[in-house]
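> Let's have the full structure, built from the sequences with the hints guiding it.
Line order of the protein sequences matches chains Z and Y.
Under the numbering used here, the first residue of the first sequence is numbered 1, with each subsequent residue one higher.
Under the numbering used here, the first residue of the second sequence is numbered 1, with each subsequent residue one higher.
Derived by calculation from the structure, the hints in this document are not laboratory data.
Beta carbons: idealized from backbone N, C-alpha and C, even for Gly.
A couple of the hints might just be wrong.
[As the list claims (entries may be wrong)] Label pairs and their in silico Cβ distance ranges:
| hint | chain 1 | residue 1 | chain 2 | residue 2 | range |
| --- | --- | --- | --- | --- | --- |
| 1 | Z | ASP38 | Y | GLN2 | 18 to 24 Å |
| 2 | Z | GLU52 | Y | GLN14 | 47 to 53 Å |
| 3 | Y | GLN14 | Z | THR77 | 32 to 38 Å |
| 4 | Y | TYR48 | Z | LYS70 | 41 to 47 Å |
| 5 | Z | GLU69 | Y | GLU15 | 18 to 24 Å |
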Amino acid sequence: GGIITQTPKFLIGQEGQKLTLKCQQNFNHDTMYWYRQDSGKGLRLIYYSITENDLQKGDLSEGYDASREKKSSFSLTVTSAQKNEMAVFLCASSTTGYEQYFGPGTRLTVL
Amino acid sequence: GQQVQQSPASLVLQEGENAELQCNFSTSLNSMQWFYQRPGGSLVSLFYNPSGTKQSGRLTSTTVIKERRSSLHISSSQTTDSGTYLCAMGPTSGSWQLIFGSGTQLTVMP
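Spelled out as structure tokens, the structure:
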């Protein structure tokens, strides 16, 4: 088995601020993902990475940057937080093309 | 684009009743997953089910690839089954992302 950890669990930011979310996995999976979940909506893909230093844009990449520093870690940066934004950011990992496993999430609130 | 339709959007049961949740996919699929999410919680993978039927305890998932649908059957529901059930299709060749449905909100009353 393995585990995915996300930090921080809660993130409160100011409008216009650059905010960074971190994800670590010990499954030894090749592929990692960042999804955004808004209340009442399904999950939407922001970025994914199929190997170290690889980045692929999802449907929701505008306003975000990502970095795959090593196989086990994948970071997401909100480049300019939007006022009153509230969402949950979920990190996931998988052996490429197979079942995805999710982390506990980071809850973002922008004041 | 690819779409995933889940039904029903919400469902209220008495403890002990059975539930049948449905997912329909707009395009052909190679695989799909069922997830469970508690309010404020993360996604727990219930089934990775490219095709056919899989069972785990009181849960049974059946995916029929050529009909582009999958179902999740919950037998003898319990109050602890309450939460949101999400299905997702993919990944498919050329895209590693999952396409999610909007979920079924299940409430099991004691």
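> All hints, please: hold or fail.
Hint check results:
1. ASP38(Z) x GLN2(Y): 18 to 24 Å: holds (19 Å)
2. GLU52(Z) x GLN14(Y): 47 to 53 Å: With Cβ atoms ~51 Å apart, the hint holds.
3. GLN14(Y) x THR77(Z): 32 to 38 Å: violated (47 Å)
4. TYR48(Y) x LYS70(Z): 41 to 47 Å: The hinted range 41 to 47 Å is violated for TYR48(Y) and LYS70(Z), with Cβ atoms some 26 Å apart.
5. GLU69(Z) x GLU15(Y): 18 to 24 Å: violated (47 Å)
In this structure, the hints that do not hold are numbers 3, 4, 5, in rising order.
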